[in-house]
Amino acid sequence: MTTAVKAEKRQHMDIKKFLANNGALVGLLVLCLALFIATPDFLTAGNMLNIGIQASTIAVLAFGMTFVIVAAGIDLSVGSVAALSAMVSASMFTTAGLNGWVALLGGLLTGAAAGAASGMATAYGRLPSFIATLAMLSVARGLTLVISDGRPVRTADQVSFLGGNLGPIPMPIVVLVVAGLVASFLLNRTVIGRYMYAVGGNTEAARLSGIPVQKVLVIVFALSGLFAGLAGMLLSGRLDSAQPQAAVGYELDAIAAVVIGGASLAGGVGRISGTLVGALVLVVIRNGLNLLNVSSFWQQVVIGLVIALAVGIDVLRRKNTIH
Amino acid sequence: MKFTSFKRSTAVLALGLTVALGATGCNRGEEGASGEKVTLAVSTLNNPFFVDLRDGATEAAEAAGMTLEVVDAQNDSATQTNQLATAATSGVQGVIINPVDSDSAAAAVSPLLENDIPVIAVDRAVNGAEIASLVSSDNVAGGKQAADELAKAMGEKGKVIVLQGVAGTSASRDRGAGFEEGIKAYPDIEVVAKQTANFDRAQALDVATNLLQANPDVTGIFAENDEMALGAIQALGDKAGTEVSVVGFDGTEDALAAIQAGTMTATIAQQPSELGKRSVELMAQLLAGETVESNVPVPVTTVNEENVEEFIK
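First to last, the protein sequences are chains A and B.
Those letters in the first sequence? Residues 239 to 561, by the numbering used here.
Those letters in the second sequence? Residues 133 to 445, by the numbering used here.
To be clear, the hints were calculated from the coordinates, so they are not data collected in a lab.
You may find that some hints are simply not true.
As the list claims (entries may be wrong) - In the SDA-like style, the derived pairs of lysine to any residue whose C-alpha atoms are separated by at most 20 Å in a straight line are: (1) B/K326 <-> A/I541; (2) B/K291 <-> A/N531; (3) B/K326 <-> A/S533; (4) B/K445 <-> A/S533; (5) B/K371 <-> A/N403; (6) B/K326 <-> A/F535; (7) B/K326 <-> A/V539; (8) B/K326 <-> A/W536.
To be verified - Which chain B residues face chain A? A few, computed with CB under 7 Å, are given here: (9) T176; (10) N179; (11) V323; (12) Q327; (13) A334; (14) D338; (15) N342; (16) Q345; (17) A346.
A quick note: this is a predicted structure, and the numbers were derived from the prediction, not measured.
Backbone N, C-alpha and C define an ideal beta-carbon position, used for all residues, glycine too.
Generate coordinates for the entire structure from the input sequences, incorporating the hints supplied.
Structure representation (structure tokens):
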């Protein structure tokens, strides 16, 4: 074999490897290209900012979800927990008359506490995370309704700021970037992050090698709750009010974003960058379908098919990587 | 053993709750002169709309000298089915149902119909059962009123986007159909986009933002409920109420405040207490042996800056 052929082959392998590792990114680019061809309204600076803003809530929820899925769990409560955090924060400010910063912090801590509760039920109560967080989904939504009496409540100015603009820069995008960097740092550069992969990859092996599995699980779910709390702040900040029925069903978007991003529901696999791409895929589809004025009946069909396609391709490429 | 005792205590608790709930239910109505006993099965009282509906019904029942027993299904179809089965055997003369779910209500009312107990549905239909009458807001007429109000605000010309409710619900279908029919009367108004935001404020913010991106020259927005209208107003920012007119539906507190603030043009208010009142009056007619219309629409009212004061509580 000549060196030229070898080099060509190596190059071919590199491309193949890149594609294999970034299937979701390629999908996102193809989607963007298709929309760019279909409508002149897609690739404008204004619309790109819109997409960034609209992705913020789902992406932040999905970052938290990535920890859980990497650790081989699932968190069905994030939508409800986001709504509860937003409502607690808004009530602290509007009803209890507390300082706005205290209300912001209170909202975030509510999320973390709700997550920790699910984590303890999973780690120490031995409930499957599916059940523990399904219970939390109901409890958190119920508490949101109890606190709010079913009515919207005005948010603190500090929370509204997170949903607003800092000069020309939309704050939700700033929050999205910061949250992504923090999540990525936690997952890749800290001991607890490595433990998450270990626990998700093989719980028994992790336990035998001395990893405090139960503590890791509590921290994982508390982090998911904390990120859900942050997403709640973003969502209510954008509307200047906390809604009792906010974020219903967002847990499914978050799970879809993580899975489209290449994580495995079996645990041990997943990256924050992939999750971000997954969230962008979902938001770009919705944005594009709106721009093209596609019938709302068909939108759900299209979104479902794209999720199936994205994960299907992912399964295929995984098979290819093994062989 | 532990499990059995847990089961037993749950059963005792459930029984206690049932008795307690039943007791509160019985206390609701006064024993009337005619002594007719009617059950009102409400989908949920965890929503101000249905609380108003119940209040309207209780008032009308008192006026008619009827005993009205109110049961709350807490938005659970199974609970409602049980409540109606209980009603069927408890000797009530009639049942007014506000179904949790229109489709599953047919099975729930069948024991009543078998016992020849007349059934009237209020606010939501019972699909696939022969009930005496349906009392509901006239959503189609409301949609038309919304079209007229929006056209007036837009000077009868320009481009409009429509924010739709949850696909397939009767509220979305009827309001949308009414609006479509109403807006046809204005040839210079064009509906450029129709998209769903699922009756949700946050989704409406995103969807309206996207639609305004594709149609920057829009001057009117019709939202099939107030929550979505408020989301659209958020998306419009300073343009709301000045360059773009927004019309919603329902007459919620926040919407009335937005109309006062001038960011929202109008909303179409439903009259929940009127719904409750009409259904009780109709039941009284039925029990007196009169025949009633199978469909009784309750009018909706247009609320704009001229009359908003009257609606604020």
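We went through each hint and held it up to the structure:
For the hint linking B/K326 to A/I541, the alpha-carbon distance of about 18 Å falls within 20 Å, and the restraint holds. For a cut-off of 20 Å, the pair hint linking B/K291 to A/N531 stands: about 14 Å separates their Cα positions. Restraint check for B/K326 and A/S533: the C-alpha separation of about 7 Å stays at or below 20 Å, so the hint holds. The suggested pairing of B/K445 with A/S533 is violated, with an alpha-carbon distance near 38 Å, which exceeds 20 Å.
Between B/K371 and A/N403 the CA atoms are separated by roughly 17 Å; this keeps the pair inside 20 Å, and the hint holds. Taken as a hint, the B/K326 and A/F535 pair is honoured in the structure, with Cα atoms around 11 Å apart against an allowance of 20 Å. The suggested pairing of B/K326 with A/V539 holds, with an alpha-carbon distance near 17 Å, which does not exceed 20 Å. Straight-line distance between C-alpha atoms of B/K326 and A/W536 comes to about 13 Å, which keeps the hinted pair within the 20 Å bound.
Interface restraint check: B/T176 against chain A, minimum CB-CB distance 10 Å, threshold 7 Å, status violated. Taking 7 Å as the C-beta contact cut-off toward chain A, the hint placing B/N179 at the interface holds, the least distance being around 6 Å. Using the Cβ-Cβ criterion of 7 Å, the hint placing B/V323 at the interface with chain A is not satisfied: the shortest such distance is roughly 10 Å. Taking 7 Å as the C-beta cut-off, the interface hint given for B/Q327 holds, the closest approach to chain A being about 5 Å.
Nearest Cβ of chain A to the Cβ of B/A334: about 6 Å, under the 7 Å cut. The hint holds. For B/D338, the interface hint holds, since its Cβ comes within 7 Å of a Cβ in chain A; the closest pair sits about 5 Å apart. With its C-beta approaching chain A no nearer than about 4 Å, B/N342 sits inside the 7 Å limit, and its interface hint holds. Taking 7 Å as the C-beta contact cut-off toward chain A, the hint placing B/Q345 at the interface holds, the least distance being around 5 Å.
Restraint check, B/A346 versus chain A: the minimum CB separation of about 4 Å is within 7 Å; hint holds.
The structure fails to meet hints 4, 9, 11 from the earlier list, while all remaining hints are met.
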